[in-house]
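Chemist: Okay, here's what each chain looks like letter by letter:
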Amino acid sequence: METFWEAFKRHGVSRRDFLKFATTITGIMGLSPSMIPQVVRALETKPRVPVLWIHGLECTCCSESFIRSATPLASDVVLSMISLEYDDTLSAAAGEALEKHREEVIKKYWGNYILAVEGNPPLGQDGMYCVVGGKAFLENLKESAKGAKAVIAWGSCASWGCVQAAKPNPTTAVPIHKVITDKPIIKVPGCPPIAEVMTGVIMYMVLFDAIPPLDSQGRPKQFYGNRIHDTCYRRAFFNAGQFVERFDDDGAKKGWCLYKVGCRGPTTYNSCGNIRWYNGLSYPIQAGHGCIGCAEEDFWDKSPFYQRLTTIPLPSVEASPDKVGAVAVAAAAAGAVAHGVISKIRNKGGK
Amino acid sequence: MARVVVDPVTRIEGHLRIELIVDEKTGKVQDAVSSGTMWRGIELILRGRDPRDAWAFAQRICGVCTSIHAHASVRCIEDALEIQIPKNANYIRNIMYGSLQTHDHLVHFYHLHALDWVSPVEALKADPVQTAVLQNQLLEKYGAIAELVPDPIGHRAYPRKFPKATPGYYRAFQEKIKKIVESGQLGIFAAHWWDHPDYKLLPPEVHLMAVAHYLNMLDVQRELFIPQVVFGGKNPHPHYLVGGMTCSISMNDMNAPVNAERLAVVEDAIYTQVEAVNLFYLIDLLAIGQIYVQKGQVYGGGLAKKRVLGYGEFPDEPYKGIKTGDYHSKILYHCNGVVEDFAEGIDKAKYYPMVGKDFADPNVIQEYVAHSWYRYPDESKGLHPWEGITEPNYTGPKEGTKTQWKYLDEKGKYSWIKSPRWRGKPCEVGPLARYIVVYTAVKQGHIKPSWMDEMVVRQIDLISKVLDLPPHVWLPTTVGRTAARGLEAQLGASANLYFLKKLYDNIKAGDTAVANMEKWDPSTWPKEAKGVGITDAPRGALGHWVIIKDGKIHNYQCVVPTTWNGGARDPMGGQGAFEECMKDTPVKVVDKPLEVLRGVHSFDPCLACSTHLYNTEGEEIVQVKVQGANICY
Numbered sequence: 001m002e003t004f005w006e007a008f009k010r011h012g013v014s015r016r017d018f019l020k021f022a023t024t025i026t027g028i029m030g031l032s033p034s035m036i037p038q039v040v041r042a043l044e045t046k047p048r049v050p051v052l053w054i055h056g057l058e059c060t061c062c063s064e065s066f067i068r069s070a071t072p073l074a075s076d077v078v079l080s081m082i083s084l085e086y087d088d089t090l091s092a093a094a095g096e097a098l099e100k101h102r103e104e105v106i107k108k109y110w111g112n113y114i115l116a117v118e119g120n121p122p123l124g125q126d127g128m129y130c131v132v133g134g135k136a137f138l139e140n141l142k143e144s145a146k147g148a149k150a151v152i153a154w155g156s157c158a159s160w161g162c163v164q165a166a167k168p169n170p171t172t173a174v175p176i177h178k179v180i181t182d183k184p185i186i187k188v189p190g191c192p193p194i195a196e197v198m199t200g201v202i203m204y205m206v207l208f209d210a211i212p213p214l215d216s217q218g219r220p221k222q223f224y225g226n227r228i229h230d231t232c233y234r235r236a237f238f239n240a241g242q243f244v245e246r247f248d249d250d251g252a253k254k255g256w257c258l259y260k261v262g263c264r265g266p267t268t269y270n271s272c273g274n275i276r277w278y279n280g281l282s283y284p285i286q287a288g289h290g291c292i293g294c295a296e297e298d299f300w301d302k303s304p305f306y307q308r309l310t311t312i313p314l315p316s317v318e319a320s321p322d323k324v325g326a327v328a329v330a331a332a333a334a335g336a337v338a339h340g341v342i343s344k345i346r347n348k349g350g351k
Numbered sequence: 001m002a003r004v005v006v007d008p009v010t011r012i013e014g015h016l017r018i019e020l021i022v023d024e025k026t027g028k029v030q031d032a033v034s035s036g037t038m039w040r041g042i043e044l045i046l047r048g049r050d051p052r053d054a055w056a057f058a059q060r061i062c063g064v065c066t067s068i069h070a071h072a073s074v075r076c077i078e079d080a081l082e083i084q085i086p087k088n089a090n091y092i093r094n095i096m097y098g099s100l101q102t103h104d105h106l107v108h109f110y111h112l113h114a115l116d117w118v119s120p121v122e123a124l125k126a127d128p129v130q131t132a133v134l135q136n137q138l139l140e141k142y143g144a145i146a147e148l149v150p151d152p153i154g155h156r157a158y159p160r161k162f163p164k165a166t167p168g169y170y171r172a173f174q175e176k177i178k179k180i181v182e183s184g185q186l187g188i189f190a191a192h193w194w195d196h197p198d199y200k201l202l203p204p205e206v207h208l209m210a211v212a213h214y215l216n217m218l219d220v221q222r223e224l225f226i227p228q229v230v231f232g233g234k235n236p237h238p239h240y241l242v243g244g245m246t247c248s249i250s251m252n253d254m255n256a257p258v259n260a261e262r263l264a265v266v267e268d269a270i271y272t273q274v275e276a277v278n279l280f281y282l283i284d285l286l287a288i289g290q291i292y293v294q295k296g297q298v299y300g301g302g303l304a305k306k307r308v309l310g311y312g313e314f315p316d317e318p319y320k321g322i323k324t325g326d327y328h329s330k331i332l333y334h335c336n337g338v339v340e341d342f343a344e345g346i347d348k349a350k351y352y353p354m355v356g357k358d359f360a361d362p363n364v365i366q367e368y369v370a371h372s373w374y375r376y377p378d379e380s381k382g383l384h385p386w387e388g389i390t391e392p393n394y395t396g397p398k399e400g401t402k403t404q405w406k407y408l409d410e411k412g413k414y415s416w417i418k419s420p421r422w423r424g425k426p427c428e429v430g431p432l433a434r435y436i437v438v439y440t441a442v443k444q445g446h447i448k449p450s451w452m453d454e455m456v457v458r459q460i461d462l463i464s465k466v467l468d469l470p471p472h473v474w475l476p477t478t479v480g481r482t483a484a485r486g487l488e489a490q491l492g493a494s495a496n497l498y499f500l501k502k503l504y505d506n507i508k509a510g511d512t513a514v515a516n517m518e519k520w521d522p523s524t525w526p527k528e529a530k531g532v533g534i535t536d537a538p539r540g541a542l543g544h545w546v547i548i549k550d551g552k553i554h555n556y557q558c559v560v561p562t563t564w565n566g567g568a569r570d571p572m573g574g575q576g577a578f579e580e581c582m583k584d585t586p587v588k589v590v591d592k593p594l595e596v597l598r599g600v601h602s603f604d605p606c607l608a609c610s611t612h613l614y615n616t617e618g619e620e621i622v623q624v625k626v627q628g629a630n631i632c633y
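Line order of the protein sequences matches chains P and V. Positions 1 to 351 (the UniProt record's numbering) are the ones given, in order, by the first sequence. Positions 1 to 633 (the UniProt record's numbering) are the ones given, in order, by the second sequence.
There's no promise every hint is true.
[Unchecked claim] In silico lysine-lysine, DSS-like type, Cα no more than 27 Å apart, as pairs: (1) V/K552 x P/K135; (2) V/K448 x P/K108; (3) P/K100 x V/K350; (4) V/K519 x P/K254; (5) V/K178 x P/K20; (6) V/K552 x P/K260; (7) V/K588 x P/K108; (8) V/K583 x V/K552; (9) V/K295 x V/K305; (10) V/K178 x P/K9; (11) P/K9 x V/K125; (12) V/K508 x V/K200; (13) V/K398 x P/K135; (14) V/K583 x V/K348; (15) V/K179 x P/K107; (16) V/K295 x V/K125; (17) V/K178 x V/K164; (18) P/K100 x P/K183; (19) V/K350 x V/K425; (20) P/K142 x V/K406.
These are calculated hints, taken from the structure and not from any lab test. Quick caveat: nothing in here was measured; it's all calculated off a predicted structure.
Just chain V, with the same shape it has in the complex (with noise of 0.2 Å):
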């Protein structure tokens, strides 16, 4: 038996750590940790704030999917206030969340992931000629993918900037690759398993093809966040409001936020994202998942074969709360439910709707510690978040000193994430989640599906086909999880579409309204208030807590999509999907564990997310156990 430690894990956001127990002679992980290795304390630091400030505290929790904590905070102080935002606010904000799916999930691919399948080294063996000719029958045959998102503004001529599948265009890129490594100064690529087995599965014309869109996206993803840029002033970060938005719109003043020549801006982005998803990341993601998922690499499932989790997102009109039901009478993307056993077949899977109501009752999302570096009055029971109790308990390594760790203890404390669970059980959070619990609910009847909801059927379906496997079987796995989140970036650029034409007619139909201000000034709140805000970050299943006394921040808490994945397991022995994922994949050389590698790396691991909660020796906070359910609903 041997255990290996990967430490730093890079390519995501923030610090992991994971050890593998492996069977040298087999291949097979007998067991895997996972360790979030720092956390920061921002809940802490919101408390006793301006609500109205909250946003851009909680936006700072992550910097790579910016934008969602400022999304899932200004919900969460509107549902407190029972604040209901203008429609232009709801498209726009929309608009902005849609970008931030299809901008972060294709540089995931890209940039964050794509190394673990491709490599320049095999790149160059290619023959340009050849990869052109490859990614013209690419593009033949999974043309179909294109033909899934519908068009409602069709302002554009034809596709500007893709594909260049010519063979100046490969032999240009491979040139720039083949200087880099004919330099020895391998800069970003330095240090890296290259000679792992896993890069001769795939043809070097694959390999040439992938890597140059890789350097290529590097220049063209920066456009995809355009309408956050234009909508919210910068990006990372754009700038959020209580109530609505700031870019007031006028079609008179040229000053003004918003107008046609901004809009114009924001539309070109938008037809620039449908087009590099469907021309790009989708065409390469397909050539690459078929040969491995033919080559028979489909694991890496692990907890999204047994149970998955999502929240709902797209209202398509406003909504006056979050804890009332209305959020999740209006969402468009029904990815709001929990899936047990998809693995075992459709028919046999089953669903959990979850609503307004779930995120209110104490018994159904809690957090746990006993495998964390936190201290309960009682580690075998979990909290719900409006109870949270943060007491750090920082206990070391198993081997090694405290300051110098050789391994952590499983059996003990070993990470500073906290271990999310609903109904007491583990579940995956993410894009994969969503398409399972979406494919599920409409395949079994339990929602009249939305045109979001029909698209997703439709490419799941589509997927099968091609792969000739039906859904069950590909999806829940490192292939599928990475597939999934291609899929959802069509649906996000799809949505821009559809949300950008709802502005246009809106403010056609002389509607220019951005804020809702009737309860901006304090004095107009009640003495205290709850609420709950909702999204589906790009990582998965994001919910805000909060509670304001007195105009303040008194209690503020946030359960995330990595601390679902990514968290320690429970007094009850559930493991989360990092280990789930690892423990289902075989390991080829056991000290260069690509296959781990690449699987954690599919959950696009964003650890600063999920270490942010907790509270350390900083006694000035006081520690406020809070009665939250039966207040006030």
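If we strip away everything but chain P, and leave its shape as in the complex, we get (with noise of 0.2 Å):
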């Protein structure tokens, strides 16, 4: 297999402008400018990846989100840094030809490729709620993760079960973890990810040849670190205790906190308030919407969106970020007290 500066050449890429990536990416994914000449390094002598990208019960979003990527372009993590073998999404083939395609690369990288997973099996009625190639996703999913080096959990679907396992979950809908037990699983939670948290996982794994750093739930901790709370913009507009009381509203025009008419970014972890989306054009809170939770376990039966979580003391003057953090962890359903745990673990070790 070729590495990605062979790749790079081979598509006339050059020196200068290969090292010059290399120093982008370096700080897109979060790594301090000393790594620029391991990133390099990596860069210089790993191969290219095969890649499977399978689907089972989704929408889809997390494709469309993942091509949306801007640094890097989709387009360049496709064509040139993994090779995308299998997508039900973008393969030009079809039908059998594509399925012994699949089949052949399993075979020919076994324990070299990656398995991407988007969406979840459903274990109702042996599996055939989602049928691929004539039998039930479920049973194309454990084949294809046997022989992957590492799995990646593209979006809530596969991390945590996402819309069609809310209550009452008709088709017994599971995430993929309940499934595969003897895979390392990156989970990348979001409905859907954000595109370049998503090719930041990839990137990472490709370069390092390893899995990123993993917070207890399997999280990136690079992308999963913060709560949306913490980095958001409107930050300061809680903390001096200026609300959104109804949407649209004065405060909704000046931009002010919208922790009032429901918003979960005080208990949900994601890069939505430092890298937000497209490439730091905006993101839901930016447009006025409250944060909906997406990217957190079972955050559909965490309905209504637009009632507030009551049990945060809302300040009127400035509080301590941990102080509030801390109570809104406490106030949360039992999945997020770990994340409790996680953040005052890193909060020492920032000190």
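Using the hints, put the two standalone chains together into the complex.
Modeler: Printed below as a string of structure tokens:
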């Protein structure tokens, strides 16, 4: 398999542009500039990794998000950095020819390919609520995972179950870790995940030939280490006690905090506040809507979305972010408590 | 007779299987089976929830035509609760909708469909210099198409990104393709039927032009959705609000979701849409389409020849309600209607309008399950969405085992998709359907045409001149279906310029409201209410139906585009548009049915959309038979 640098050369990229690229992605991955030489070395020596991207119960929003990545561009990822060998949405081929190709790739790259899973398997009706090539997606998933080096759970469907697993979960849809138990799984939740988070995760894996550092729930720390609330540009208004009381009121025009109209930012771990969407263009809170917590487990069953979290005291003067954050976590459901623990460890580490 | 299975059908959203029964000697498709092979149950999940949240759940029906289900959902709830949204919210929703049409159609053409027409292998044989010459000739030849876009804003000094018709541009892309092919790691191009004779229909230069644009547009397409990101905060799945939008407008506050700088970002994106469509998409489409038609490929119309259906879009101003009829009196895109027998000529085509009351009439729109994996007490009859019964009845295939299919049973049940019918008859929906409805309605004098209707007619007449064929010959075909999609992308971009100007003018006049919050509090709602939300999604007519009781969703049903097009046959023997299209398409190489794949792709299938509806054994869901029709009309 050829290395990135070889692939780049093949595409006529100059050494200078190659180094520029290495510097940029080092920044995107949240690494310090001292890591640039390592990134360059990795790019020079690591081969392009074959990737199989399979789809279960889902709406394809993760794929759609992925192709909107700007840094790096999705086209560079797909055509130069990885070798995307199978993808229901992007593959030219169809039917048996493609299924055969998948089997060949599994054999040829046994133990060396990455399996990306978008969506999840339903367990009901022997898995036949999601059928690919005449058999249950569940079988397809198990088969594809066996020889994989690592598995990426794209989005909230694969990570947590998401909308089809919301009550009453008519198809018995389960997150993929309930089915694949013997492989490292990198959860990249979000409905969908931010494009640059998705490409950032792949960049890390192919460059360092390792899975990125994960939190206790299996999410890459570099992207899921903060609550939206921690990095929100409206946080200052929260601290100052300036709130939108009703959509489109004066506070809404001034861009004040959306907490009282149901924002889940205080209990949601994701990069929306810092990376934002579309290469920094906006994110839901910037468009005036509270965060619905789409990267969190069971967020659909924590609706109605417009009901505020009741127990966070509303400060009228500056409060310590840690204090507010800690209360927020205590108020949230059990799953969120683990976040608080991680958050504390991280904070200690930072000090 | 050969039975050919294509499963999975790729480059679509969701999971689709097709089976063909082909006469190997003649290549004639005797029968075709289309099966949706997954379902998720989102409407059932919606029951008992807050109606103000419904848009977010319903939106997750599809992440490709993202936001369209949210759009239908907020309209549905607003119709039930009789909420009229502010002018700005209407303009903004229209811009988000127009951006969706433009983006979705363009991505479909290049990234989900183009490789059925053009091949990277053939592109290697092209001369980059001649390719540049060709594109310039085509821009000259089809230049008039760009002039169809009215520009009420007029801020753009010159096109920024397009066209790049230089030898260097094409040489670079050819080099890129060559390296991928030579590396042996074909990635997404692997295992396709590149040796199919249809790839020889076009000269290599057309292949290179289109494949270069396929790669180029992979990078550019993201910019076309910027209006949704500014107004809705993200994409896919931007945010909506019952009663309007959340993106408050202020020219005084620097943190306002919408201010002069944000509007400039939107304006720039809309001009990028116009340029991408006029200078890339339509030129490629016309170049490919004209050659295919010249070579006699005027098949694949299927059901479009017989019957098409649309619901209508782009309310010029806010409306009071949908079921009251006010929505249809305000719209600019009059594709609300059914047209029968268009293929027999514009004089013989029959036109039936679709208006508010039709959506509440239990006899107009019904769903059947005779050949779908569900059970009705009487499967010879259809049910209106408000009366829908959902009881699973998975029966397995005709050959094979329950968990390992060989062939599906077209005489029994064979799909997770129901069969919606208009007055008991199957209809094709989508851009082609909408264009046929508008063209017929205008030419036969049924409506007073708006500027959008006039634009549609001018587009169709222009293409008819280029092809030297009347619309009833070229429109109801696979090529025509693909062309209508491109033309509608141009209509969407034009609508965006129009509504952005209206938004500017309204803000200038002092109106900055984006949300009507009078009925936000559930205590202001009636004890029981019913609503309809309709729109025309990229893939066709979309309707959501809701019943709200005591502030909660009591029943929620969607009848979606791919259910219309891809549904199973009905008990009367009627077949959906996918199956009719396949039967209307000859196959050259039986085990590589590229023409059929191209035909099915021309619908832009979206299977998560069509297979979201149904119940399973999850019997905690009470199956309520709702008597809808006579409660609130």
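Chemist: Each of the hints needs a verdict: does it hold here or not?
Modeler: To see whether the hints hold, each was checked on the structure:
1. V/K552 x P/K135: violated (38 Å)
2. V/K448 x P/K108: violated (64 Å)
3. P/K100 x V/K350: Answer violated: P/K100 to V/K350 is near 48 Å, above 27 Å.
4. V/K519 x P/K254: holds (23 Å)
5. V/K178 x P/K20: With a Cα-Cα distance of about 25 Å, the restraint between V/K178 and P/K20 holds, given a limit of 27 Å.
6. V/K552 x P/K260: holds (22 Å)
7. V/K588 x P/K108: violated (33 Å)
8. V/K583 x V/K552: violated (45 Å)
9. V/K295 x V/K305: holds (20 Å)
10. V/K178 x P/K9: holds (14 Å)
11. P/K9 x V/K125: holds (23 Å)
12. V/K508 x V/K200: violated (56 Å)
13. V/K398 x P/K135: holds (14 Å)
14. V/K583 x V/K348: holds (24 Å)
15. V/K179 x P/K107: Holds - the C-alpha atoms of P/K107 and V/K179 are around 25 Å apart, at most 27 Å.
16. V/K295 x V/K125: Judged against 27 Å, a Cα distance of about 21 Å means the pair holds.
17. V/K178 x V/K164: Given pair V/K178, V/K164 holds - Cα atoms ~20 Å apart, limit 27 Å.
18. P/K100 x P/K183: holds (24 Å)
19. V/K350 x V/K425: Cα-Cα ~14 Å, so holds.
20. P/K142 x V/K406: holds (21 Å)
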